[in-house]
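Okay, so the sequence shown: first residue is 240 according to my numbering, each after it adds one.
It is worth saying that the hints were derived from the structure and are not from the lab.
Heads up, the beta-carbon is just placed ideally off N, CA and C, and yes, glycines get one too.
Worth double-checking, as some hints may not be accurate.
Claimed, not checked - Quick list of in silico lysine to any residue cross-link-like pairs, SDA-like style, CA-CA up to 25 Å:
| # | residue 1 | residue 2 |
| --- | --- | --- |
| 1 | Lys445 | Leu336 |
| 2 | Lys273 | Thr570 |
| 3 | Lys273 | Arg310 |
| 4 | Lys273 | Lys445 |
| 5 | Lys451 | Asp373 |
| 6 | Lys273 | Arg372 |
| 7 | Lys451 | Lys389 |
| 8 | Lys451 | Phe410 |
| 9 | Lys389 | Glu376 |
| 10 | Lys273 | His285 |
| 11 | Lys451 | Arg472 |
| 12 | Lys389 | Arg310 |
Stated by the list, open to error - Beta-carbon label-pair distances, calculated as ranges:
| # | residue 1 | residue 2 | range |
| --- | --- | --- | --- |
| 13 | Leu354 | Thr256 | 18 to 26 Å |
| 14 | Asp399 | Val325 | 16 to 24 Å |
| 15 | Arg382 | Gly254 | 43 to 51 Å |
| 16 | Pro257 | Leu354 | 16 to 24 Å |
| 17 | Pro257 | Ser369 | 14 to 22 Å |
| 18 | Ser369 | Gly305 | 30 to 38 Å |
| 19 | Gly387 | Arg529 | 23 to 31 Å |
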Amino acid sequence: MIPTSILDLSPIIEGATPADALRNTLDLAQHAEKWGYRRFWVAEHHNMPGIASAATSVVIGYVAGGTQTIRVGSGGIMLPNHSPLVIAEQFGTLASLYPGRIDLGLGRAPGTDSLTMRALRRDAATAADSFPRDVQELMYYFRPTEPGQKIRAVPGAGLDVPVWLLGSSLFSAQLAALLGLPFAFASHFAPADLIAALRIYRELFKPSERWKQPYAIAAANVVAAATDGEARRLFTSMQQSFLNLRRGSPGQLPPPIDDIEPYFGSPAERTMLNQTLSCSFVGSPETVLRGVQTFLDLTQADELIVTGHIYDHFARLRSFELLSEIRQVLTARNPDAAAVVRVS
Numbered sequence: 240m241i242p243t244s245i246l247d248l249s250p251i252i253e254g255a256t257p258a259d260a261l262r263n264t265l266d267l268a269q270h271a272e273k274w275g276y277r278r279f280w281v282a283e284h285h286n287m288p289g290i291a292s293a294a295t296s297v298v299i300g301y302v303a304g305g306t307q308t309i310r311v312g313s314g315g316i317m318l319p320n321h322s323p324l325v326i327a328e329q330f331g332t333l334a335s336l337y338p339g340r341i342d343l344g345l346g347r348a349p350g351t352d353s354l355t356m357r358a359l360r361r362d363a364a365t366a367a368d369s370f371p372r373d374v375q376e377l378m379y380y381f382r383p384t385e386p387g388q389k390i391r392a393v394p395g396a397g398l399d400v401p402v403w404l405l406g407s408s409l410f411s412a413q414l415a416a417l418l419g420l421p422f423a424f425a426s427h428f429a430p431a432d433l434i435a436a437l438r439i440y441r442e443l444f445k446p447s448e449r450w451k452q453p454y455a456i457a458a459a460n461v462v463a464a465a466t467d468g469e470a471r472r473l474f475t476s477m478q479q480s481f482l483n484l485r486r487g488s489p490g491q492l493p494p495p496i497d498d499i500e501p502y503f504g505s506p507a508e509r510t511m512l513n514q515t516l517s518c519s520f521v522g523s524p525e526t527v528l529r530g531v532q533t534f535l536d537l538t539q540a541d542e543l544i545v546t547g548h549i550y551d552h553f554a555r556l557r558s559f560e561l562l563s564e565i566r567q568v569l570t571a572r573n574p575d576a577a578a579v580v581r582v583s
């Protein structure tokens with residue numbers, strides 16, 4: 240049975256507050272733990288009216304403090320926004336409080352727009368170039384302190400904090416392979432390079448002290464409900480949200496609508512949305528099972544991580560509960576299968 244995990248962006252629905260979203264995130268994590276999900280990750284985004292997880296390390300502490308066994312981490316921390324030492328201290332603190340349960344996933348994207356990047360004091364001109372060096376510096380702070388070491392992470396030094404690289408292009412796949420790190424691909428919103436990135440990662444992987452073999456996670460959107468029609472209606476909240484973002488007007492997660500077609504401004508918008516969300520599996524348990532199994536056969540992923548922006552919190556819980564039942568029959572790494580991923 241393939242390990243299955245959850246990526247939650249703490250969605251703020253229309254008319255709600257960030258406090259409501261964060262309480263819902265903890266509630267989802269507690270249910271996910273009961274349902275047998277392996278890990279629960281939250282992600283760093285800034286200046287987004289519909290996402291409450293900007294202070295990602297704080298949210299991880301909140302979720303880990305309200306759960307007992309599930310791994311909790313970042314999917315991810317946008318490292319160019321931060322000093323490597325600060326992140327080492329933050330995650331060293333989390334690992335000290337919740338030993339054996341904290342994951343540190345790192346990305347090099349800003350997680351925001353250009354104006355907010357400047358407010359974060361992020362130098363866009365040099366961030367991409369410094370990312371490999373920053374990753375290695377961060378990993379250095381987690382190693383046992385050496386004699387004469389002038390700068391150390393306290394807490395952090397000598398602690399077991401697994402580092403993951405996240406990406407939506409080939410760059411992080413190559414870097415993860417060269418550093419011998421596990422890799423997660425953001426195919427839930429940027430699927431174009433998914434297969435190429437996984438192939439490059441596996442072909443170039445160099446064993447490290449912790450990871451002797453490559454380990455790849457693939458991400459997908461899943462919206463499951465009793466019927467295909469009900470799930471497609473729930474999915475319209477995510478579709479509207481992505482369209483609003485691409486139109487330059489991000490907002491809170493809107494309620495679902497009966498028909499998404501009138502919401503498209505042009506055929507080009509529809510094509511763009513279908514491409515962006517092509518790794519989405521929406522429908523009844525049977526429909527979702529077929530779609531997700533096809534996705535796993537195609538990617539040969541070692542682990543599946545899923546997200547699902549659903550307006551009604553109880554419908555969101557039910558979607559992940561249905562997936563937890565589906566995962567009992569999912570299998571991974573079936574190289575003989577061949578399929579095409581499409582929107583269900």
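Hints, verified against the model:
1. Lys445 to Leu336: violated (32 Å)
2. Lys273 to Thr570: holds (21 Å)
3. Lys273 to Arg310: holds (13 Å)
4. Lys273 to Lys445: violated (36 Å)
5. Lys451 to Asp373: holds (23 Å)
6. Lys273 to Arg372: violated (39 Å)
7. Lys451 to Lys389: violated (31 Å)
8. Lys451 to Phe410: Roughly 21 Å separates the two Cα atoms, so the pair holds.
9. Lys389 to Glu376: holds (14 Å)
10. Lys273 to His285: violated (30 Å)
11. Lys451 to Arg472: Cα-Cα ~44 Å, so violated.
12. Lys389 to Arg310: violated (32 Å)
13. Leu354 to Thr256: 18 to 26 Å: holds (24 Å)
14. Asp399 to Val325: 16 to 24 Å: holds (19 Å)
15. Arg382 to Gly254: 43 to 51 Å: holds (48 Å)
16. Pro257 to Leu354: 16 to 24 Å: holds (21 Å)
17. Pro257 to Ser369: 14 to 22 Å: Given range 14 to 22 Å: violated, Cβ gap about 31 Å.
18. Ser369 to Gly305: 30 to 38 Å: Once the Cβ atoms are compared, 35 Å apart, the range 30 to 38 Å for Gly305 and Ser369 holds.
19. Gly387 to Arg529: 23 to 31 Å: At 59 Å between Cβs, range violated.
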